[in-house]
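Undergrad: Each chain, written out:
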Amino acid sequence: MTSDSHALHSDTHDHGHDDHGGAAHGSLKSYLIGFGLSVILTAIPFWLVMTGAIADKAVTALIVLVLAAVQIVVHMIYFLHMNTRSENGWTMMAMIFTVIMVVIALTGSLWVMHHLNINMMPMHDMSQMP
Amino acid sequence: MSVATTITTQDSEPIFHVVDEHDHPEGASTMLGFWIYLMSDCLIFAMLFATYGVLGGNYAAGPSPKDLFDLKLVALNTTMLLLSSITYGFAMLTMEKSKIGQTQLWLAITGLFGLAFLGIELTEFAHMIHEGATPQRSAFLSSFFTLVGTHGLHVTFGLVWLVTLMVQTARFGLTTANRRRLMCLSMFWHFLDVVWIGVFTFVYLLGMLR
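From first to last, the protein sequence lines stand for chains A and B.
Just so you know, the first sequence maps onto residues -9 to 120 in the working numbering.
Just so you know, the second sequence maps onto residues 392 to 601 in the working numbering.
For the record, the hints were derived by calculation from the structure and aren't laboratory data.
Source: prediction; values computed, not measured.
Hints may contain errors.
[As the list claims (entries may be wrong)] With a cut-off of at most 27 Å between alpha-carbon atoms, the simulated DSSO-like pairs for lysine-lysine come out as follows:
no.	chain 1	residue 1	chain 2	residue 2
1	B	Lys463	A	Lys47
2	A	Lys47	B	Lys457
3	A	Lys19	B	Lys490
4	A	Lys19	B	Lys488
Looking at chain A on its own, in the form it has when it is part of the complex (with noise of 0.2 Å):
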């Protein structure tokens, strides 16, 4: 029964173990690795944010971000199984191409949007307000 169900996940036919197949499930060691990680990922930035431990903001900012995608990769490797191997690398094909299609839409919307805000008109500014 176990064998037929990593037969499932995959597209090889010879593997019997956890660590070959695309979707198949990691080992408890793995997971705690992940969770470990996670913790501390997640610890970090909001320690940083909520003591103000570092007075420039823009740094901080920067941190954080760079934590949470260091997190969002450990998440993929360490929960969902993220390799180059599973499916023969078209769930890897498929997340490349979602990763580019994000990146187009959030950095053009950003920097569009940014930019017609700056080429504005100088109005009443509500941001401004208290």
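Add chain B to chain A, keeping to what the hints say.
TA: Showing chain B alone in chain A's frame:
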């Protein structure tokens, strides 16, 4: 001519039944299909993040993130979701060993953490709305409630799905189909945790720094 065609079809009939159809067991492509669904869901969230990024500073003289957000509550919420992620992982590990009772137990614990997350989030929303910070108040709040609300809605449906699968597992056991469904929900649940990383970083932490 027509006779010849008929004969050919009859002779080579097995060839016309493409072998591919029977080569893959039922559900062989489900995981990839579900992954592609998750990626499309990811695009939905990307659009909502972009909207929040554009409108997040437009307070319309209303409350700003600093007036509204309580980071301690958000940290608690993040902990709930993170714990539910690891407990779902344990459920997957026990499912692997075909221990149905333990799997159900871990799934139930996951569900409770999910409920706690939703409860805290709804408390936060209720508190904000009570203070007059409704979605209609400003563009910032409209985009905030849309983004965070959509995530909350996903968690809600994840919980409905979780309960459904627990009933399914209780009735039919850890069948191949149920294992596959539980793995799909596993990906969904972990994916929601990934989206939440984006939410607490962009909305809450960067909002407080603004």
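Undergrad: Hint by hint, note whether the structure agrees.
TA: These are the hints, each one checked on the structure:
no., hint, result
1, Lys463/B with Lys47/A, "holds (19 Å)"
2, Lys47/A with Lys457/B, "holds (14 Å)"
3, Lys19/A with Lys490/B, "holds (19 Å)"
4, Lys19/A with Lys488/B, "holds (15 Å)"
When held up to the earlier numbered hints, the structure conflicts with none and fits them all.
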